[in-house]
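Trainee: Protein chains in written order, with this note's numbering: chain A, 277 to 481; chain B, 277 to 481.
There's no promise every hint is true.
Repeated chains share a single entry, so a pair holds when one copy, or any two copies, can fit it.
[Said to hold, decoys possible] Pairs of lysine to any residue residues, derived as SDA-like cross-links and limited to a Cα-Cα distance of at most 20 Å, are as follows:
1) K335 / I350
2) K332 / S478
3) K332 / R311
4) K409 / K435
5) K332 / E285
6) K336 / E411
7) K332 / Q312
In short, the hints are calculated from the structure, not lab data.
Source: prediction; values computed, not measured.
There are 2 protein chains.
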Amino acid sequence: MNFSSKILEEAVNQVSQLPGIGKRTALRLVLHLMRQPEQQTDALAQSLLSMRNDLKFCKKCHNVSDNDLCEICISHNRDQNLVCVVEDIRDVMAIENTSQYKGLYHVLGGKISPMDGVGPQDLNIPSLINRVKEEGIQELIFALSPTIEGDTTNFYIYKQLSDLDVNTSTIARGIAVGDELEFADEVTLGRSILHRVPYENSMKS
Amino acid sequence: MNFSSKILEEAVNQVSQLPGIGKRTALRLVLHLMRQPEQQTDALAQSLLSMRNDLKFCKKCHNVSDNDLCEICISHNRDQNLVCVVEDIRDVMAIENTSQYKGLYHVLGGKISPMDGVGPQDLNIPSLINRVKEEGIQELIFALSPTIEGDTTNFYIYKQLSDLDVNTSTIARGIAVGDELEFADEVTLGRSILHRVPYENSMKS
Numbered sequence: 277m278n279f280s281s282k283i284l285e286e287a288v289n290q291v292s293q294l295p296g297i298g299k300r301t302a303l304r305l306v307l308h309l310m311r312q313p314e315q316q317t318d319a320l321a322q323s324l325l326s327m328r329n330d331l332k333f334c335k336k337c338h339n340v341s342d343n344d345l346c347e348i349c350i351s352h353n354r355d356q357n358l359v360c361v362v363e364d365i366r367d368v369m370a371i372e373n374t375s376q377y378k379g380l381y382h383v384l385g386g387k388i389s390p391m392d393g394v395g396p397q398d399l400n401i402p403s404l405i406n407r408v409k410e411e412g413i414q415e416l417i418f419a420l421s422p423t424i425e426g427d428t429t430n431f432y433i434y435k436q437l438s439d440l441d442v443n444t445s446t447i448a449r450g451i452a453v454g455d456e457l458e459f460a461d462e463v464t465l466g467r468s469i470l471h472r473v474p475y476e477n478s479m480k481s
Numbered sequence: 277m278n279f280s281s282k283i284l285e286e287a288v289n290q291v292s293q294l295p296g297i298g299k300r301t302a303l304r305l306v307l308h309l310m311r312q313p314e315q316q317t318d319a320l321a322q323s324l325l326s327m328r329n330d331l332k333f334c335k336k337c338h339n340v341s342d343n344d345l346c347e348i349c350i351s352h353n354r355d356q357n358l359v360c361v362v363e364d365i366r367d368v369m370a371i372e373n374t375s376q377y378k379g380l381y382h383v384l385g386g387k388i389s390p391m392d393g394v395g396p397q398d399l400n401i402p403s404l405i406n407r408v409k410e411e412g413i414q415e416l417i418f419a420l421s422p423t424i425e426g427d428t429t430n431f432y433i434y435k436q437l438s439d440l441d442v443n444t445s446t447i448a449r450g451i452a453v454g455d456e457l458e459f460a461d462e463v464t465l466g467r468s469i470l471h472r473v474p475y476e477n478s479m480k481s
């Protein structure tokens, strides 16, 4: 692209480094900001800087937090015996949005994936094992995505816990609510039959 | 969405104010920045601030510029007698990318659109009329989008110029190179026949 301004070019280059944003979209965003009041750009830049400099991760569960411990870990209303193991903080948000879960979390920060060079040592697995040892956790719920990497990670953690007195479970795999049965893949459909639940239970929500 | 951090929430809110970016995309972008080196966020924020504070518009043609006059207006290699009238600076970039045009530009900053409350007084039309009067421009090329608003704007400017000694032209409307004839709309196809060019001319590129 042919910019008549180095400043504009630099702004477009910076914005287009964000994932999923190409040069054309970056230019559109930057020109939009130019048309808005100066305060909007200021507020955007400041909040990005503040986010990068001040945002912390909870020392216990590795969720994002404004303090050393996150709001969920310090809450008295959460079941301290139950820990849900998730890949990243977006999964925490997704589960929190369901309002169905009242335990704690543990954010691994990824999944074991030799293809991407991610091994167990790159994830928050040691701190999870420590939590199980020290906090008297009764049940770990594995809530990783049902992929090969997710299953590998579940199995690795499960093996690490073999000497410890803790129950493990995984979230149910099955047909999504509202989905058409005929379009479900065979593995999911097969599992949903294998792990069928008593009809009376299925009516609870 | 349920953020466990006010700082994160503020960053996501700010980013999601950009056009075409919802909360989910904003969260993805923000979390991406969190995983990158701190310098990337710094550079992004600084370039946005610098863009908003230091970027100027050319006093002559209203194109973006790092100085009072843009690089195109001060260039000695451009034909000073030819001015291409465009809607915004993205159109300047698009035409510059063709490398087919060696004249100057005039950026209107929009099109006359009563529906959106944009009248002639909101656009850079008076400065265009002044340029025609003072700079001895020989030809104005209207290169606005071929919409009702674009045609209205062309006609308004054309009327304003009626007492002045300047030629006007519009960019050719026709079938795009590579397009299938059968899928062209009737108006475009009709115009392309009405404004057919001698075959010898069509072979020049």
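Trainee: Treating 20 Å as the Cα threshold, decide for K335 and I350: within, between, both or neither.
Mentor: For K335 and I350, only the intra-copy Cα distance (11 Å) is at most 20 Å; the inter-copy one is 58 Å.
Trainee: Is it within, between, both or neither when you check K332 against Q312 at 20 Å Cα-Cα?
Mentor: For K332 and Q312, only the inter-copy Cα distance (15 Å) is at most 20 Å; the intra-copy one is 31 Å.
Trainee: With identical chains, the pair K336 and E411 could be close in the same copy or across copies; at 20 Å between alpha carbons, which is it: within, between, both, or neither?
Mentor: Classified as within: same-chain Cα gap 11 Å, cross-chain 70 Å, threshold 20 Å.
Trainee: Which holds for K332 with R311 at a C-alpha limit of 20 Å: within a copy, between copies, both or neither?
Mentor: between (34 Å within a copy, 13 Å between copies)
Trainee: Go through the copies and call it for K332 and S478: within, between, both or neither, with a Cα cutoff of 20 Å.
Mentor: neither (40 Å within a copy, 64 Å between copies)
Trainee: Have a look at K332 and E285 and pick one of within, between, both or neither, based on CA distance no larger than 20 Å.
Mentor: Classified as between: cross-chain Cα gap 13 Å, same-chain 32 Å, threshold 20 Å.
Trainee: Is it within a copy, between copies, both, or neither that the alpha carbon of K409 lies no farther than 20 Å from that of K435?
Mentor: The answer is within: 14 Å in one copy meets 20 Å, while 84 Å across copies does not.
In summary, the one numbered hint that this structure violates is 2.
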